[in-house]
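J.: Since the structure of chain A is already known, use the hints to place chain B on it.
Protein chains: 2
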Amino acid sequence: MTYQAPVNDIALALETAAGLSNLIESGIAEGVDEDLVNAIVEEAGKFAAEELAPLNAVGDTQGASLEDGKVRLPEGWAEMYNNWAAGGWAALPCPTEFGGQGLPSVISTAVNEIWSTANLAFSLGPLLTQGAIHAVHAKATDELKQMFLPKLVSGEWAGTMNLTEPHAGTDLGALRTKAVPQADGIYLISGTKIFISYGDHEMTENIAHLVLARLPDTPAGTRGISLFVVPKILINEDGSLGERNDVYCTGVEHKLGIHASPTCVLSFGDNGGAVGYLIGEENKGLAVMFIMMNAARLGVGIQGVAIGEAATQKAIAYANERRQGSTTQSPAGQMVPIVEHPDVRRNLLTMKALTAAARAICYATAREIDISERASDADERAKAAYRAALLTPVAKAYSTDLAVEVASIGVQVHGGMGYIEETGAAQYLRDARILPIYEGTNGVQSIDLVTRKLPIERGEVVKGFIAELNQIVADVKASNAPGFDVMANNLDAANKALERATVWIGQKVMSSPDEALAGATPYLRLFGIASGGAYLAKAALAASRKANGAAAGPVELAKFYAGNISVQADGYARTITDGGASLLEAPADMFAAS
Amino acid sequence: MTYQAPVNDIALALETAAGLSNLIESGIAEGVDEDLVNAIVEEAGKFAAEELAPLNAVGDTQGASLEDGKVRLPEGWAEMYNNWAAGGWAALPCPTEFGGQGLPSVISTAVNEIWSTANLAFSLGPLLTQGAIHAVHAKATDELKQMFLPKLVSGEWAGTMNLTEPHAGTDLGALRTKAVPQADGIYLISGTKIFISYGDHEMTENIAHLVLARLPDTPAGTRGISLFVVPKILINEDGSLGERNDVYCTGVEHKLGIHASPTCVLSFGDNGGAVGYLIGEENKGLAVMFIMMNAARLGVGIQGVAIGEAATQKAIAYANERRQGSTTQSPAGQMVPIVEHPDVRRNLLTMKALTAAARAICYATAREIDISERASDADERAKAAYRAALLTPVAKAYSTDLAVEVASIGVQVHGGMGYIEETGAAQYLRDARILPIYEGTNGVQSIDLVTRKLPIERGEVVKGFIAELNQIVADVKASNAPGFDVMANNLDAANKALERATVWIGQKVMSSPDEALAGATPYLRLFGIASGGAYLAKAALAASRKANGAAAGPVELAKFYAGNISVQADGYARTITDGGASLLEAPADMFAAS
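These protein sequences, in sequence, are chains A and B. Using the numbering used here, read the first sequence as starting at 72 and increasing by one per residue. Using the numbering used here, read the second sequence as starting at 72 and increasing by one per residue.
The set of hints was computed from the structure by calculation and includes no laboratory data. Hints are supplied without guarantee of correctness; some may be wrong.
A pair holds if it fits inside one copy or across any two, identical chains being indistinguishable in the list.
For lysine to any residue, the following SDA-like pairs were computed, each having C-alpha atoms within a straight-line distance of at most 25 Å [said to hold, decoys possible]: (1) Lys579 <-> Thr399; (2) Lys355 <-> Arg523; (3) Lys355 <-> Thr398; (4) Lys355 <-> Asp213; (5) Lys579 <-> Gln400; (6) Lys355 <-> Ala403; (7) Lys567 <-> Ala652; (8) Lys454 <-> Trp575; (9) Lys249 <-> His325; (10) Lys355 <-> Gly344; (11) Lys567 <-> Asp649; (12) Lys454 <-> Asp660; (13) Lys579 <-> Ser397; (14) Lys617 <-> Met661; (15) Lys617 <-> Phe662; (16) Lys617 <-> Asp106; (17) Lys617 <-> Ser92; (18) Lys579 <-> Thr398; (19) Lys579 <-> Gly396.
Just so it is clear, the structure is predicted and the values come from calculations on it, not from any experiment.
This is chain A alone, in the form it adopts within the complex:
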């Protein structure tokens, strides 16, 4: 099987969840039209199928490793990257003043999905470079922008994010990497960073490390953290490359998946200090880093969609090929392709429905980011920024939890062959498992949603969002299309569950935060269930209005989701409002190590 970009599904999600034509009409997606978007998606799909997908298994098998101080990537990896950059793909979402194409987030999101579907371990590199570009562009001095952005935008250099230290993962306030200011305005960085994806390699001639560090005598916790850009190779005044900077990879992790992505231990300043340049103000580094992290979180959500898509395509291909057993309709003594079995169809439709729901939520988030950055009206920008802030943790966590589930179902569809590594189904499960962890664990996303995002504008933002979900249900009801009434009832019940849980948790955040925290994970799940169902229904409505044969797929998918996923909403609402008590009452010895 060759990977095929799901151009129709992507187009439908862009049209409905991302409201692409509205973005085009309103001038937010300036210079873009549907034909251009379709052409980009088609081309990306072609490149991904031809260049990225064939190296996915190679990357998994060979992995990245540290040999004689150098990070070795799998065979063909550097060439693949260079072809990708040469195709202009690195520049696609980047600012035009530094050589980028300035395309909106909805398009880069779709294209990122395609890269990640074909080769997740590859896609992580560009995702981090995009994050670095974002931060430098947003907050660095013009001089630094000139120094770094043209090379990063063209893909000649790569970027990394250096947050985690051995004792400081989720809790960044605890980090200890030091930055000592020098007379000439630079800083000397020293310390150890771990879990640095693409932390070192020779795929690009230079690497821009974005590094969180602490100045001497700064306040404890997060208020004392600054952000620096630290090039792997120092840059001369004329822009040419100079000496090696004092940052080295001292280890590459042995991981469950994404083997080709080198997860590095980076040691800064072992020989006196790595030269770093401050981005933004001193002690305000975390705020800048959040710019990178929010974009990266949506990017990781999209990786979840991508793994869902890849696992689904593979499972469908196998289910059509593998013959086993008979059905109620098949001729006696003849084995049918297993896709004919209702239980296998349940697995495949579950995979498709969850993937499509996650895609819709991610694309809807990208839409809000575009409006927040590009709308002419400041109020509109602010409103969209809030909406994007609300949806980002859902896009990240719901999509990536589903990715693990979908990849696991994909293994199951393959039966015994799914457990054999050469089949490739297991790689998706192994690769997927990092997604709920990195860029803020899904637990952190849930807590972020509940404690920081729900309270925005005293709850008006989430209220407005739920009102929009309700409007979709009203449209579904009003459509009177066959079977849409049942779908609307299921969606309505899910929305009501979300409303009920939102009110409850919104009060508890203030009055009894531990109860809110105990319900955070099921709340995010419920949020994802309800919004995914609404977006799929919106897509079904749009497809049914086109009134041609293509409608059946999106319509049945939305019905399936409503009848099989949305119906779980009430259970989660009850978990949130009633299930947390036993958790908080549980005696400490239930959690004692044996």
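T.: Frame of chain A, contents of chain B only:
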């Protein structure tokens, strides 16, 4: 962390779900008393912690491989096995007339759990040997029993199950391995079997392969299949070992997990035919194989419990050790162990609750097997056999689906460290992933439950079981213990959902089988949710009656399950009764390969 057998949890499940004291009183567990059981569990736990657990990671890292035609096991593996057999553990569940200890299934189930928790890849070997003993003991001639059983019971030889062929996995009727009868009463076997766990090794001096094969000119499908025992080394008349039989390992699979368990391709008869001995009657092999498979299915369910336990212990240990962030109660600027965070507690309690529920269901199934084999009253035996038949697919599939989920949560609790192989959390996820696949995929279990088990005695068996669940809820209500009313309401709703779905699916099996098949997987899930909740409540009742400090754990666990897992039941019931329509209506092109 060292693995610790959860002796208290096991004792509580034996007492409540397995009704051990009742089995002892009624003479079914003859010669056993609680002290003996506790001593066995303690000893097994000690052996597992000292001998099996330390090689779990070694086995994963080194794996099994085929070198110069010989299967190489990890270092120390054979010695570990020999120590285990020398300790008399192989003989524990085996018939006394061949040197076994004849202990009931409830005890061997508890002990099997302990082996699997410490080292899943190891435990698979003994599990298959037990199955082989079962089949030979049940159906072979006395001569064959004498030839094989003493050596298998002592653990000097191992046993395997040879069902699958490349084109015949779930659909055994399609198998092609040939058995040609010879003048001297033996058969010459030829063909290829795949996915044969412990199919070859030098850990034991001989291996007894139980092989399904087809005689010449037999009816097509499952009615033409016979069962043979095929020794790796031929056995002389005096019982000594003779020539090598014509069966060879031609490949060892490269798998996602259980690396130390050699999954072999076995080639029979490349040099004229492997000598095999018929077990039972010609063409009736599948019925005999089902004797092995049913025991093995419960054994796999127990492996699911075991992985749940192992992953939970590891996650709890890490959560107590790793410090990160602060809580609403912690002193400012001080990091707390992550076990203090409500969201982490939700993860840990979920792991504990699902594991305990799965354990209870498996132990309850073992109880029915014991009664079905050992009760003096024939009616009682028949009733218990039906109940065991009903529960076996639930024990297998619910426990193993949960194992994957629990192991995945375990990775999540470890954050970034969970993705690093050296941590060991990821191994549990990789190992667990085979459990929903082997010994009949969980889809097959669900279909078995719905199409073959529900109709037993025109539905009276399942009806009787649900009545028992309802009785537990009534007892919970009647207890008037604090908070038990809420728990009872949640459990009651789950039972009602199960009843409703059972009636619906029971009718559909007759009138519209595709609708029943479409609901099979969620039905099994619902069955597991409801019965697990009832068993945990039963345990909570028993613990609370003891009225000492130890009650809090089981009580809070049951409350947590009721408030967070049982509440999902209604959604699954709705999926079964209403969610299948979209699945059956979905157009074929939604399942077409791209």
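J.: Compare the structure with each hint and give your call.
T.: Structure-based check of each hint:
1. For the homomeric pair Lys579 and Thr399, the shortest alpha-carbon distance between copies (13 Å) is at most 25 Å, but the shortest distance inside one copy (52 Å) is not.
2. For the identical chains of this complex, Lys355 and Arg523 are intra-copy neighbours only, at 19 Å inside a copy versus 66 Å across copies, given an alpha-carbon limit of 25 Å.
3. Within a single copy, Lys355 and Thr398 get their C-alpha atoms only as close as 64 Å, which misses the 25 Å cut-off; across copies the closest is 24 Å, which meets it.
4. In this assembly of identical chains, Lys355 and Asp213 lie within 25 Å of each other by CA distance solely inside one copy; the values are 18 Å within and 83 Å between copies.
5. In this assembly of identical chains, the alpha carbons of Lys579 and Gln400 lie at most 25 Å apart only when taken from different copies (16 Å versus 54 Å within one copy).
6. Taking the shortest alpha-carbon separations for Lys355 and Ala403, only the inter-copy value of 21 Å comes in at or below 25 Å, while the best intra-copy value is 72 Å.
7. Taking the shortest Cα distances, Lys567 and Ala652 sit within 25 Å of each other both inside one copy (22 Å) and across copies (24 Å).
8. For the homomeric pair Lys454 and Trp575, the shortest alpha-carbon distance inside one copy (24 Å) is at most 25 Å, but the shortest distance between copies (48 Å) is not.
9. Taking identical chains as interchangeable, the C-alpha atoms of Lys249 and His325 are never at most 25 Å apart, the minima being 27 Å within one chain and 45 Å between chains.
10. In this assembly of identical chains, Lys355 and Gly344 lie within 25 Å of each other by CA distance solely inside one copy; the values are 21 Å within and 77 Å between copies.
11. Taking CA atoms no more than 25 Å apart as the test, Lys567 paired with Asp649 passes in both settings, with 16 Å inside one copy and 19 Å between copies.
12. Taking the shortest alpha-carbon separations for Lys454 and Asp660, neither the intra-copy value of 46 Å nor the inter-copy value of 40 Å comes in at or below 25 Å.
13. For a Cα distance limit of 25 Å, the shortest separation of Lys579 from Ser397 across copies, 18 Å, qualifies, whereas the shortest one inside one copy, 54 Å, does not.
14. When the C-alpha separation of Lys617 and Met661 is checked against a cutoff of 25 Å, the pair qualifies only between copies, where the shortest distance is 18 Å, while the shortest distance within a copy is 57 Å.
15. Taking the closest pair of Cα atoms, Lys617 and Phe662 come within 25 Å of each other only across two copies (22 Å); inside a single copy the shortest separation is 56 Å, beyond that limit.
16. In the homo-oligomer, the alpha carbons of Lys617 and Asp106 lie at most 25 Å apart inside one protomer (18 Å), although the nearest pairing across protomers, at 73 Å, exceeds that limit.
17. With identical chains, the CA atoms of Lys617 and Ser92 are at most 25 Å apart within one copy only, with a shortest distance of 16 Å there and 68 Å across copies.
18. For a Cα distance limit of 25 Å, the shortest separation of Lys579 from Thr398 across copies, 15 Å, qualifies, whereas the shortest one inside one copy, 52 Å, does not.
19. Proximity of Lys579 and Gly396 under a CA criterion of 25 Å is satisfied inter-copy only: 20 Å between copies versus 53 Å inside one chain copy.
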